[in-house]
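Now for the letters of each chain:
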Amino acid sequence: MTGLVQTVPLRRRRPIARAVEGQELALVVVIAALWLALSFGTSTFLTGSNLRNILFAVAATAIIGIGMTPVIVTGGIDVSVGSMAAVVMVVVAKLVRDAGAPAPLAVLVAVALGLALGCVNGLLVSLGGIHPIIVTFGTLNVFRFVALRIFENKQVAGVPDTLGWFGGGQAGLGLLGVPHAWWLAMVLAALTWCYMRYWATGRHWYAIGNDADAARLAGIHVRQRIVSAYALTGFFVGLAACVLVGSGGLVQQNAGTGLELQVIAAVVIGGTSILGGRGTVLGTLLGALLVGTVTSAITLLGWPSELTELFIGAFILVAVGVDLVRERRRRAR
Amino acid sequence: MTTADTRPGATASATAPPVLRLTGIDKRYGGVHALRGVDFELARGEVHALVGENGAGKSTLIKIVSGAETPDAGRIEINGETLATGSTTSALGAGIATVYQEPQLFGELTVAENVFIGRERRRAGIVQRGRQHEEVVSLLERMGLDAAVADVRVADLSVAEQQLVSIAKAFASQPRILILDEPSAILTDREIETLFAAVRGMCDSGVAVIYISHRLDELAQITDRVTVLRDGQVVASRPTRELSVRAVAELMVGHKLETGQVNRTVADAEPALAASGLGRQDVFADVNLAVRPGEVVALYGLVGSGAASIARALYGIDPADSGAVRINGRDVALKSPADAVRHGITMLPANRKVQGVFSSKSIAFNISSAHLRLLSRARLWVNRGRERSVAQDFIKRIAIKAPGPATLVGNLSGGNQQKVVLARQLVERPRILLLEEPTQGVDVGAKDEIHRIIVDLADAGSAVLVVSSDLPEVLQLADRVLVVRAGRIAASFDRGARQADVLAAAAGDDGSGRASAAGRDSTTEVGAA
Amino acid sequence: MTTRTAEPEQLKDDKTEPVAVGARIARALRFVLSERVALLSVLLVIVVVWFWYLGRNDYLVAPYDADYLASALETMVPLCLLGLAEFIVIVSGRGGIDLSVGSIVSLSGMAFGFMVGQWGWPVLPALALTILVGGVLGAANGLLVAYLGFPALIATLATYYAYGSLALVSNDRAPISTRPIQDLHSLTRPLDLPVVPDLPAQMLTFLVPCVLVVWLVINRSTYGRKLYAIGTNDVAARFANLDVRQTRFRAYVASGLLSGVVAVVTVAQFASARPDAGSVGNGMALPAITIAVLGGVAITGGLGRVAGVVIAALLIIWLNAGILLAFEGSDGSQFQLLALGAVLVLSALLNAITLRRRGGVR
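First to last, the sequence lines map onto chains E, R and V.
Going letter by letter, the first sequence gives residues 67 to 399 in this note's numbering.
Going letter by letter, the second sequence gives residues 7 to 535 in this note's numbering.
Going letter by letter, the third sequence gives residues 1247 to 1608 in this note's numbering.
These aren't lab readings, by the way, just hints derived from the structure by calculation.
Backbone N, C-alpha and C define an ideal beta-carbon position, used for all residues, glycine too.
Careful: at least some of the hints might be erroneous.
Chain V residues, not near chain E, derived (Cβ > 12 angstroms throughout) [to be verified]: (1) Ser1287; (2) Tyr1305; (3) Leu1412; (4) Leu1414; (5) Ala1447; (6) Leu1584; (7) Val1589.
No farther apart than 20 angstroms at their CA atoms in a straight line, the calculated lysine to aspartate or glutamate pairs in the DMTMM-like style are these [what the hints assert, rightly or not]: (8) R:Lys69 x R:Glu114; (9) R:Lys359 x V:Asp1480; (10) R:Lys341 x V:Asp1429; (11) R:Lys402 x R:Asp454; (12) R:Lys359 x E:Asp279.
Residues of chain R placed beyond 12 angstroms of chain E at every Cβ, according to the derived structure [as the list claims (entries may be wrong)]: (13) Thr29; (14) Gly61; (15) Pro109; (16) Asn120; (17) Ala161; (18) Asp187; (19) Gly207; (20) Val241; (21) Thr271; (22) Ala291; (23) Gly300; (24) Gly329; (25) Lys402; (26) Gly420; (27) Glu434; (28) Arg501.
Based on the provided sequences and hints, a complete structural model is requested.
Next up, the structure:
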């Protein structure tokens, strides 16, 4: 009760332990256990090609999730990322196929476009004063419209693998045989993690999620920080679109549908509170990895692939349930 | 009218100009004259207590000094220079830091981060954690707090600890003037000692402190000077050592005519509500009380005394975890509001906006919401005709100023909103009515009317328990006053008690501080000072 | 903060003395802008008249007449019913929302398919049981949200996945479209009605009764009162001795029941129980939430009216029907998305501005 006044050391979390949240450790343990079990249970799980597939399959979700994490930390949400990804994908695909744009130009256009679309969301939320879920439900439809107009009623077939560096093919393999896309996700996660942990403006996201009014009184530029979170999400959606277009081939008109829910699932499993104020991108990365592991495991075990989503649902409930119990116990103290 | 003596502050030298000088501060809110030409001086290095009853104007004065409100007239000078009023930034710039009762902290950030939020020590945008850590550690050590909490999340601290952190945060901004608004209300004795040591340390380095408190017993321990506000005016400003707790209490209440003192007699009968040994861990303990039918009993206590929690336990919102409650002689368990309502208990909550009204809904909706079963057909459909006529009836009976039952409650004045919530408790005449701060934030006219309604109800045979920190109200309404201090019933007064006596009992009237205060329940000791 | 929407009615009551024409117009305008049902009704009239005018002048590929409008109502049934489902859970407050309605439609639709198509049960008991299945699935949401304290967005996201997955697994991804199921299509044939144009049968057999029941429950029953009360202020509701958790729980059950009704309608309409019925395209939850919000339901709870949701559904359906005729090929369906998104954001923006003007907190 009176710990602050006592001079004996506290039996509280040590600063070192704080670098990694409890939920993240739990996720590492769960993923490790799953991998261990699967390496015994199947002959194909712990092979290079399977692990490569898993990592590539979840890379796009992870990258968008890294952007979504600060949005949710500020107490918002962005359900428009699927449509946003579709816009960027079709533009990039047409750019490399029809205009023969080189990879750097394509990437530049992708991130610029994503950034612009993210800013639209951010401005509507912060200046328009509209609830984030309504704004992004609206832009989900509008962005999808924009994407379909650019598709011009045809899927984009025969896209060259200009962006193969990002893709899941041979050209996309990097160091240690790990796909570039996953390296990209890890680097982005590391950068964002540092930013959210060490930069003052990164810490302000947490403050806003805890109490936006108090944050304003403390002199934090709340509106600007909120716009920046949505803009960052857009930026990362641009990069994720490059990954999705990477291998070339086909971009379909329904590209990106349902992506938003996958991303939110990864973020939430990673321990970010949907009520704002708490969460890290490291958790999001692990959440995406867990989802990828489960998907792969179900295929390899020969179970119906539809069961994947049942497991995702269960993981969401377990992750949030554990968190609820912990919060309740903390409050009871 | 000001009896401020001409000598400068008790500890300041005679030549130094005051750090803060207020002259002729005047403020009106609508018809309420909150401050009437207040003069106030704060000397360098002194701790200056600002005391007064609820509504005396303390918080308005503080808001004006901290820039949250603009005065209608008057001047604020800092070290002889005039300060622009009505701007929090200019107040902060002048070195005025305010610690409010509710800690404004961010739960997910560490103590160190909270202390520096918005003005982080940065290099190229990066928070210099090491530097912040060092500064916070030395700050906490200077305050006598455990420095190991510097990197603990604020959400992991108790409310009292958070309060100390928000004070540390104010210290860290190196203010010239520090305003503490009832900092001790939720602190334990040990924490208060720590706080006092820290405040003294600051004063030694020249900071001037305005200290607002209801706990008069603290004043001698920490303050150099006391200014007493009553009805928006300064009635006294004297060195603390010249005043006893009793004297301060007398000054706060003045010698007002006891208005509308009712002379009621309550028939001897078995108590409608009786609690024995009631307790809830860390909130209140060993509470014994009895309310007879037709009797109005008041629980009077200062902020944080636990009086409100006792009422809430009796309504089953935050149930008691020890002791027994008997209703009409039968033992009952009150684990939820449903239990309480089943035994004929209803409750008027204190916080009208949060706990009382459905503000976007009509008067009829608000009144009927607790009586849907009664106002229904076959328990399924709302009997809208009866609902409307009940609401219409109350609008007339207790004079709710509104065009009709369809008026939205959010459009009514505070007093009329309170009447609507009260009407909700009266649809089925309660056998036992609990009222928490029934007239808080209500204008004078409505206040009298609400008092009349309460007395009428008691006359009709209901047992009434009022929790209030409004002393005149308590004395006017109650047949018996139980004073709650530190979670225990500390004293009991019958009708006709003097305000100063009750206040002194609640504020812990003895020179030795609060430690020995709890547990006394005789009235003879009180008033000895 | 969201408490001011119905204020104009109040203002009107206050002033009965004659006012200048200009002031009267200004007040009417303010009323239309701030009263959602009025705004939507005006928009609805404008949309219908505008497209009717375009149709008369041959700008459309087919006439935009009463028969066309009536047949367009076919798509309104699921949209409107799920819009009402979202309306109920959103009104219940504390961030209420139900992302799982589409998956409930799929799963209870498959249950219906099994009962009628595979096990040969008679239609009526199967129908009742299907709606009950929907209610049970909704009860799981209610348990998570109301009793266990999960944020609604999370709980229903999880069950969206779980129910959707079970629906797909139940018949190995295959739809059930045996003879008895195909015969159900007759439930949704156009009705030959006197005077009025031929309406789809499910309008009268499913939509109208459901809307009436929801309206009665929300506006006339004690439950409706409790629902609005907990959504407006659940702390005050607790002090008023209302069972907050039970009331919120029942909102999710109601959402599940309505989804069960939609499941039956969808199976009949497609003459097939499809395991992905509720998740094709953007799924069913997103449009339903959009309709509810467009209909004036405050996302913060406690505010909203049945009429608003119904008119919003009607507006979107007839707007979409008009757009479909105004463009060739699939362009129409694309512009429908634009219209939906733009109308949603603009109406929310309008709300925010009118609230701010009148000194609302937000």
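Okay, the hints, checked on the actual structure:
At roughly 21 angstroms, the least C-beta separation between Ser1287 of chain V and chain E is larger than 12 angstroms, which holds for a residue marked as non-interface. No Cβ of chain E approaches the Cβ of Tyr1305 of chain V within 12 angstroms, the least distance being about 21 angstroms, so the stated non-interface status holds. Under the 12 angstroms C-beta cut-off, the non-interface status given to Leu1412 of chain V relative to chain E is violated; the minimum distance is some 6 angstroms. Distance check on Leu1414 of chain V: its Cβ comes as close as 4 angstroms (rounded) to a Cβ of chain E, failing to clear the 12 angstroms threshold; non-interface status is violated.
Residue-level check passed: Ala1447 of chain V sits 30 angstroms from the nearest beta carbon of chain E, beyond 12 angstroms. A cut-off of 12 angstroms between C-beta atoms contradicts the statement that Leu1584 of chain V is not in contact with chain E; the least separation is 4 angstroms. Not every C-beta of chain E lies more than 12 angstroms from that of Val1589 of chain V, the closest at about 8 angstroms, which undercuts listing it as non-interface. A threshold of 20 angstroms between alpha carbons decides the hint, and for Lys69 of chain R with Glu114 of chain R the separation of about 28 angstroms lies outside it, so the pair is violated.
With a C-alpha separation of about 12 angstroms, the suggested pairing of Lys359 of chain R with Asp1480 of chain V holds against the 20 angstroms cut-off. Of the pairs offered as hints, the one joining Lys341 of chain R and Asp1429 of chain V is violated, with about 56 angstroms between alpha carbons and a cut-off of 20 angstroms exceeded. With a C-alpha separation of about 16 angstroms, the suggested pairing of Lys402 of chain R with Asp454 of chain R holds against the 20 angstroms cut-off. A hinted pair counts as satisfied when its Cα atoms are at most 20 angstroms apart, and Lys359 of chain R with Asp279 of chain E qualifies at roughly 19 angstroms.
The beta carbon of Thr29 of chain R is kept farther than 12 angstroms from every beta carbon of chain E, the shortest such distance being approximately 28 angstroms. With a least beta-carbon separation of about 26 angstroms from chain E, Gly61 of chain R lies farther than 12 angstroms from that chain, consistent with its non-interface assignment. With a least beta-carbon separation of about 9 angstroms from chain E, Pro109 of chain R fails to lie farther than 12 angstroms from that chain, contradicting its non-interface assignment. Not every CB of chain E is more than 12 angstroms from the CB of Asn120 of chain R (nearest about 9 angstroms), against its label as outside the interface.
With a cut of 12 angstroms on Cβ distances, Ala161 of chain R falls inside the contact zone with chain E, its closest approach being about 7 angstroms. Interface exclusion of Asp187 of chain R from chain E stands, the closest Cβ pair being 15 angstroms apart, more than 12 angstroms. No beta-carbon of chain E is positioned within 12 angstroms of the beta-carbon of Gly207 of chain R; the least distance is around 15 angstroms. No beta-carbon of chain E comes within 12 angstroms of the beta-carbon of Val241 of chain R; the shortest separation is about 33 angstroms.
No beta-carbon of chain E comes within 12 angstroms of the beta-carbon of Thr271 of chain R; the shortest separation is about 46 angstroms. For Ala291 of chain R, the requirement that its beta carbon stay farther than 12 angstroms from each beta carbon of chain E is met, with the minimum near 15 angstroms. Every CB of chain E lies more than 12 angstroms from the CB of Gly300 of chain R, the least distance being 40 angstroms, so the non-interface label holds. Its beta-carbon lying about 21 angstroms from the closest one in chain E, Gly329 of chain R satisfies the requirement of being farther than 12 angstroms from that chain.
Chain E leaves Lys402 of chain R outside its interface by the beta-carbon criterion, the shortest separation being 40 angstroms against a cut-off of 12 angstroms. For Gly420 of chain R, the non-interface assignment is confirmed: its Cβ lies about 22 angstroms from the closest Cβ of chain E, beyond the 12 angstroms cut-off. Even its closest Cβ contact with chain E, about 35 angstroms, leaves Glu434 of chain R beyond 12 angstroms, as expected for a residue assigned away from the interface. Non-interface call for Arg501 of chain R relative to chain E: holds, since the shortest CB-CB distance, roughly 39 angstroms, exceeds 12 angstroms.
Checked against the numbered hints above, the structure breaks hints 3, 4, 6, 7, 8, 10, 15, 16, 17 and satisfies the rest.
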